[in-house]
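J.: The chain contents come next:
There are 2 protein chains.
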Amino acid sequence: MNPPTAVKRIEGVLAPVVTPFRKDLSPDPDRFAAHCRWLMRSGCAGLAVFGTNSEANSMSVEEKLGLLDALVKGGVPAAALMPGTGHCALTDSVRMTREAVRLGCGGVLMLPPFYYKGVSDEGLFRNFAEIIERVGDDRLRLYLYHIPPVANVPITLGLIERLLDRYPGIVAGVKDSSGEWSNTRAMLDRFKDRGFDVFAGSEVFLLDNLRHGGKGCITATGNVNPGAIDAVFRSWQTADADRLQAGITATRKIVQKVPMIPALKAIVAHFGSDPQWRTVRPPLTELEPGQEQGLIAELNAAGFAMPGL
Amino acid sequence: MNPPTAVKRIEGVLAPVVTPFRKDLSPDPDRFAAHCRWLMRSGCAGLAVFGTNSEANSMSVEEKLGLLDALVKGGVPAAALMPGTGHCALTDSVRMTREAVRLGCGGVLMLPPFYYKGVSDEGLFRNFAEIIERVGDDRLRLYLYHIPPVANVPITLGLIERLLDRYPGIVAGVKDSSGEWSNTRAMLDRFKDRGFDVFAGSEVFLLDNLRHGGKGCITATGNVNPGAIDAVFRSWQTADADRLQAGITATRKIVQKVPMIPALKAIVAHFGSDPQWRTVRPPLTELEPGQEQGLIAELNAAGFAMPGL
Numbered sequence: 001m002n003p004p005t006a007v008k009r010i011e012g013v014l015a016p017v018v019t020p021f022r023k024d025l026s027p028d029p030d031r032f033a034a035h036c037r038w039l040m041r042s043g044c045a046g047l048a049v050f051g052t053n054s055e056a057n058s059m060s061v062e063e064k065l066g067l068l069d070a071l072v073k074g075g076v077p078a079a080a081l082m083p084g085t086g087h088c089a090l091t092d093s094v095r096m097t098r099e100a101v102r103l104g105c106g107g108v109l110m111l112p113p114f115y116y117k118g119v120s121d122e123g124l125f126r127n128f129a130e131i132i133e134r135v136g137d138d139r140l141r142l143y144l145y146h147i148p149p150v151a152n153v154p155i156t157l158g159l160i161e162r163l164l165d166r167y168p169g170i171v172a173g174v175k176d177s178s179g180e181w182s183n184t185r186a187m188l189d190r191f192k193d194r195g196f197d198v199f200a201g202s203e204v205f206l207l208d209n210l211r212h213g214g215k216g217c218i219t220a221t222g223n224v225n226p227g228a229i230d231a232v233f234r235s236w237q238t239a240d241a242d243r244l245q246a247g248i249t250a251t252r253k254i255v256q257k258v259p260m261i262p263a264l265k266a267i268v269a270h271f272g273s274d275p276q277w278r279t280v281r282p283p284l285t286e287l288e289p290g291q292e293q294g295l296i297a298e299l300n301a302a303g304f305a306m307p308g309l
Numbered sequence: 001m002n003p004p005t006a007v008k009r010i011e012g013v014l015a016p017v018v019t020p021f022r023k024d025l026s027p028d029p030d031r032f033a034a035h036c037r038w039l040m041r042s043g044c045a046g047l048a049v050f051g052t053n054s055e056a057n058s059m060s061v062e063e064k065l066g067l068l069d070a071l072v073k074g075g076v077p078a079a080a081l082m083p084g085t086g087h088c089a090l091t092d093s094v095r096m097t098r099e100a101v102r103l104g105c106g107g108v109l110m111l112p113p114f115y116y117k118g119v120s121d122e123g124l125f126r127n128f129a130e131i132i133e134r135v136g137d138d139r140l141r142l143y144l145y146h147i148p149p150v151a152n153v154p155i156t157l158g159l160i161e162r163l164l165d166r167y168p169g170i171v172a173g174v175k176d177s178s179g180e181w182s183n184t185r186a187m188l189d190r191f192k193d194r195g196f197d198v199f200a201g202s203e204v205f206l207l208d209n210l211r212h213g214g215k216g217c218i219t220a221t222g223n224v225n226p227g228a229i230d231a232v233f234r235s236w237q238t239a240d241a242d243r244l245q246a247g248i249t250a251t252r253k254i255v256q257k258v259p260m261i262p263a264l265k266a267i268v269a270h271f272g273s274d275p276q277w278r279t280v281r282p283p284l285t286e287l288e289p290g291q292e293q294g295l296i297a298e299l300n301a302a303g304f305a306m307p308g309l
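Which chain is which? The protein sequence lines are P and B, in order.
The working numbering numbers the first residue of the first sequence as 1 and each following residue consecutively.
The working numbering numbers the first residue of the second sequence as 1 and each following residue consecutively.
Excised from the complex, chain P in its bound form:
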């Protein structure tokens, strides 16, 4: 492959977009595209569709490819898309990544293969290298997805180093969902000057991340609170930054009192007056009615809103 050409990379707030399901549990491309358009006009710089909060791994590759195609046809700019394309199966990862590049997506957010635990960095390097080689396209921008609380398979600093050495420009960054600022900080200190864009996995760390050279955040609550989170991104060098950060952290803390994915869906259902949005696929379950009532009451008391939804 030739050295990658310079293309403007995504910076700012990205939502790992929740996926709407119909009553028969099939994905609903129209509701999905409508929510994506709302996110893009409400503060999101990009959309990390098919993330953990998207129930991506609860869908087949075909279902995800259908949704991605519908989004692009539905007017969502491909350059703003950073779909999750990492699977346990090498061939699934290659297929989804190839299609994302073909559609012109701004990047892909890639989980490590997560079935086997305790695998070596050598094995993980081979996985990512094989995908990059098979896709074989200089337009690929690969963001590594470090989420040890769920995947249980980490992206270590040593693995990043090897991948950056071998595929500079293609290996474009990371989403750090470890929940440990010390780990995000270590990634920034070591790689931020190598064209490696670090995104915090929660807006709780957004201001810290930006102050240390990070590029934004990819955060669950970006699905419901994108405007306020984007305000921190746009104002981080102003005197108002800490106050704005405190506000989005407070909202986050309300939402994460209950299970995150059904909570996000309940919020979209409630504030968008669209009960079908509450549906999740097994093995997840909807919030209990009491949980949802408490969540909505707390959000209302805090003045939360989703304008234009």
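Treat the hints with care, as some may be off.
No copy is singled out in the list; a pair is fine if it fits within one copy or between any two copies.
[To be verified] Think about it this way: if two alpha-carbon atoms lie no more than 30 Å apart in a straight line, the pair counts; the simulated DSS-like pairs of lysine-lysine are:
| no. | residue 1 | residue 2 |
| --- | --- | --- |
| 1 | K23 | K117 |
| 2 | K117 | K257 |
| 3 | K253 | K73 |
No wet-lab data here; the hints were simulated from the structure.
As the structure is a prediction and not an experimental result, all values here were calculated from the model.
Given chain P, put chain B in place with the hints provided.
T.: For chain B alone, kept in the frame of chain P given last:
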């Protein structure tokens, strides 16, 4: 659905069959069928293809369906097959399970969806129930696959109870790869009289399992040592049983000193004089040369052989 009709169930030793890959990492149906035929004539009562040791989750659904079709066309009796059909994605599990039933497989061995951790039994019940309902075929025999060290998502006794109450005859048993005899024993004590067949996940527990009403084992080393393990199954009520059990346990302990999946492939490669068998898919890696040499030397010293391979 009508009550299931009586069909002879698989009992004895099953191998979670290792999957051969070509140099380009594509699955090799001819080598696969040949190994399956060797296993069936060497002591295996059944073949749990697409298990953990098969690198099943490192393959796409299409790749697995292609292999399954090749096996049946290659003369392996479908009634002896218990393919793994559980995926993170509900729709993938339905697709594979439906095809297994259509081909006449004796059963399916089903992982829980394993991406999300800490999910509820209610969510897991909905997953299995939805698959059973969508497949909608009385011929389905569903064996639950409990392997918390890898999947990190357990099959609890409470979940088994709910599934057995709702789908008696369809929910046919379990493979317990917890590695804890106390857990296998609890499953036996509670469910063995309800048409629920308990298979130990390692031959180390085979004799104990049979003495307490279990039906056999589904074990990694069934890939390389099926005859000796089957001898324990056939002789468990004889005076020779404990001695035979000690022998297969000793062999197991040699093999599990090194990573199991590449070890099994190295053994097949060595004793079958077919080096291509060593290939694994990322994120796994082959044994180091020193590891393999030590393994083979120990096996030779113990008189290990794979007659007819």
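J.: Looking at the structure, which of the earlier hints fail to hold?
T.: Hint check: 3 fails alone, others pass.
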